[in-house]
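Trainee: Starting from the known structure of chain A, fit chain B onto it as the hints suggest.
So the protein lines, in turn, are chains A and B.
Residues 1 to 380 in the working numbering are what the first sequence lists, from first letter to last.
Residues 1 to 447 in the working numbering are what the second sequence lists, from first letter to last.
Honestly, the hints are just simulated from the structure, not real lab data.
Do not take every clue at face value.
Covered, in the sense of this in silico footprint (three residues per stretch, anywhere, with C-beta under 8 angstroms from a C-beta of chain B), are these stretches of chain A [what the hints assert, rightly or not]:
1) 32 to 40
2) 106 to 118
3) 235 to 242
Quick caveat, the model's predicted, so the values are computed rather than measured.
We treat Cβ as the ideally placed atom computed from N, Cα and C, and that holds for glycine.
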Amino acid sequence: MIARADRLAWPALVMTAAALLLGGCGSVSDEAQDSSLRALEQPVPPPAKLAAPAPPDRCRGEFDSLPASRLPRPGRMPAGSLMERIHQRGTLRVGVDQNTLRLGYFDPATRTMKGLDIDLVRAVARAIFGRSKEPIENHIVFTAISTAQRESAIEDEAVDLVASAFSINCERKDKMYFSSVYHVAQQKLLVPEDSTVDSVADLRGKRVCATKTSTSIDNLYKTGVVRHPVKLRPDCLVELQEGRVAAITADDAILVGFNEQDPQTKVVGDCINIERYGMAINLAHSEFVRFVNGVLKRLGTDGLERIRRRWLGDLSAPTGAEIARCNRAPERLRAAHAAEHRRQERRVIAGHAAWRRALSAPAIAQLYRCGHDCAYGASP
Amino acid sequence: MSWREVAMGSAGTAVRAVARGNVALRRHLATTPGRLRLAAALVALTAIAFGLVAAHAASERRRAVQSVAVTERLLVSAVELSVSLSNTHAIAAFGFLRGGPEQPASRRRYQDALQQSSVRVAGLAREIGTSSGSGPAVRRITRTLPIYSGLIEHARAYSRQGFPVGNAYLRKASTTMRTTMLPSARDLYAIEAQRLTHGYRAGVSSGGLLKVVLAGFALLAVLVGTQLFLARATRRMLNPGLALATALLLGLLVWFAVAFTIQHDALVEAQRDGSDPVELLTATRILASRAQADESIALAARGGGEGEKRLQDVDRGFQAVTRPIRGLLMQAADVSGTSITAIDHAYRRYRAAHAGVVEQVKLGNFTAAVALAVGPWTAGRPPTDAAGDALNGALDREVGRAQARFDAAAARADRALNGLSGAIAALTALCVAAALLGVRQRLEEYR
Chain A
1 MIARADRLAW PALVMTAAAL LLGGCGSVSD EAQDSSLRAL EQPVPPPAKL AAPAPPDRCR
61 GEFDSLPASR LPRPGRMPAG SLMERIHQRG TLRVGVDQNT LRLGYFDPAT RTMKGLDIDL
121 VRAVARAIFG RSKEPIENHI VFTAISTAQR ESAIEDEAVD LVASAFSINC ERKDKMYFSS
181 VYHVAQQKLL VPEDSTVDSV ADLRGKRVCA TKTSTSIDNL YKTGVVRHPV KLRPDCLVEL
241 QEGRVAAITA DDAILVGFNE QDPQTKVVGD CINIERYGMA INLAHSEFVR FVNGVLKRLG
301 TDGLERIRRR WLGDLSAPTG AEIARCNRAP ERLRAAHAAE HRRQERRVIA GHAAWRRALS
361 APAIAQLYRC GHDCAYGASP
Chain B
1 MSWREVAMGS AGTAVRAVAR GNVALRRHLA TTPGRLRLAA ALVALTAIAF GLVAAHAASE
61 RRRAVQSVAV TERLLVSAVE LSVSLSNTHA IAAFGFLRGG PEQPASRRRY QDALQQSSVR
121 VAGLAREIGT SSGSGPAVRR ITRTLPIYSG LIEHARAYSR QGFPVGNAYL RKASTTMRTT
181 MLPSARDLYA IEAQRLTHGY RAGVSSGGLL KVVLAGFALL AVLVGTQLFL ARATRRMLNP
241 GLALATALLL GLLVWFAVAF TIQHDALVEA QRDGSDPVEL LTATRILASR AQADESIALA
301 ARGGGEGEKR LQDVDRGFQA VTRPIRGLLM QAADVSGTSI TAIDHAYRRY RAAHAGVVEQ
361 VKLGNFTAAV ALAVGPWTAG RPPTDAAGDA LNGALDREVG RAQARFDAAA ARADRALNGL
421 SGAIAALTAL CVAAALLGVR QRLEEYR
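The following block holds chain A by itself, in its conformation from the complex (with noise of 0.2 angstroms):
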């Protein structure tokens, strides 16, 4: 019996580990939830980086551009020009910007480009294509590019002319031709309409919201305010909107069309800084500088001036003593926030001699000296 016993017991105690081995064999595993997990990854963009802007009229003749050549007939450009490059493609390719009210936007209810970029791209393109019952808009493509965009859309030849508010500067102009200035445009304030500030020296220490790789945002630099970059001009007014900063720098041109979508805005202060428009072209196609430049001068002052009125209204040109007195502005703000910042260093650095004085052992001594009277000015 006893040896009954261990016969039912052992087969049992096999049974029991077989399933114990059985159950060893399938095995869950994470490879799906590895991969599920790194495909939703997302990577994370960089955060802004803000360089110091380049010294400025490092070049003289900064705003001269190529001399205007005579323009031919539409249809008729000079072979192996890129006009004709154009011309035979049946669109000429330009950069804008689709969301400054005034200068170049996209009209949601027209489904249109318009603007005051978007009519000299017109007048450009009508001197290629000439006049004809098609809309001219047929053999215009508009890309819409960023701010930060602007340079490399013409570095890689996405477009044959950026069009965009684009001021003309030393640094830029080693990267490509500009067309002769187009537009005159001081930089300026916007703030909410019941701010105080007047100036950037009101500013200090406060966000200030501009475009970035805009000369506004580098005319800000070291001038004491806190510098708010963005991507494309509307989202400084949305920044303001949400309370986020204190101010919009930008060109009056741009500010005037933020004032009109917000009315509860104003444009206020000094010129910041003259800002002179051209349109930019590749390195490699100065007969199209010239050939722009030629349009331009046949639009002539009164032509220019017309298209000008037509979107910003009253918003004169500043005038000559305008622009002599805003020259430099930039360096003068960082001057003035430079001798603040020494003023305010001096005070400081007097205030902790103060205290070292105050709580130097003869002054403590004497404070256990006479007390109260010592301490509140009666000698002892």
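Mentor: Leaving out everything else, chain B in the frame of chain A:
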């Protein structure tokens, strides 16, 4: 004397023996009745220990199986939330994209999608309760959703006036969606996925079973030892009580092994054929709906994009999002024999439609691009929104199938453990009773 008194008596005797000192105890234990009492106490204690270990192991298993089922449902809810957020955004952006007067139909679609998103986030908040690590992610989404919809309404109001700042609000909404809401939904997904893995680990770990088997063998050894001792002392080969106890124990062990094996296999199957393909396919689904939102945003920005440095980069977001899709689909097919033919076909169609749009975008031809994205079918080829819907439908169908497989297998795993806890209590008690009865019979002979 009942078996209970025997147990009490033997325990009492032992205590008294300790009180009288080691010598008396040793003297008592040297006698056969003393040894029998000791054996009976040992049997009872070992059996109770075994019962506790087994009950613990069984309930732990059951909890693991149930938590796997619950977590998987939460995972699917997280996916649905993520998808419906992306979807809301894609619809909003496409609404602005069309331009011209706002279409009532597209407004309604947006409102429906937004409502669905908020219903889902509320539902998820209720489901996860307060005890889970997903709370912060859900709260982040709950907090941000009204802000997001506010930004969209701003965008709408400005766009109706033809003001470009409307576009800036749309972009802001887009940023909110892409930097806060979608990552939070992804966190939620990741947390639930990891909990699912823990559940599977606990559900198939051999630790519990090993403990049960060891405790079982210990009890078996005690029972067999007692029988051997009785057989030698009384020259009776079989003690019916002890033999019955041994048989009950062996039966319980076999039940255990069988139940655990069935449950283990069912759970492994639930993962392989159910939740693994669900995870892979839903990850694809999330990426696909994000790609659709990305495309509509890129188009609404009309090339301005999210501030990419170069125009050629406008498609970068889409590329980054869709890159892992093929790998995920292949893996889903490999892992479980999920049929991806229909999905693959829909995906290829969608890619082709998208490529057409991108081509037009790169040429700067936005009107044509928008027509290819949201317009009518051209030459038998769908616009991207219809192709995207088809892809989503194909994915959803396959996810549904995998989900059904998961539910079936998880239910099987749960059923396998049915009655085990009751059986442990009943059979262990019977085992103790039988053993003590068997020992009592012999003890009576020494009166």
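Trainee: Could you check the structure against the hints above and give me the numbers of any it violates, in ascending order?
Mentor: none
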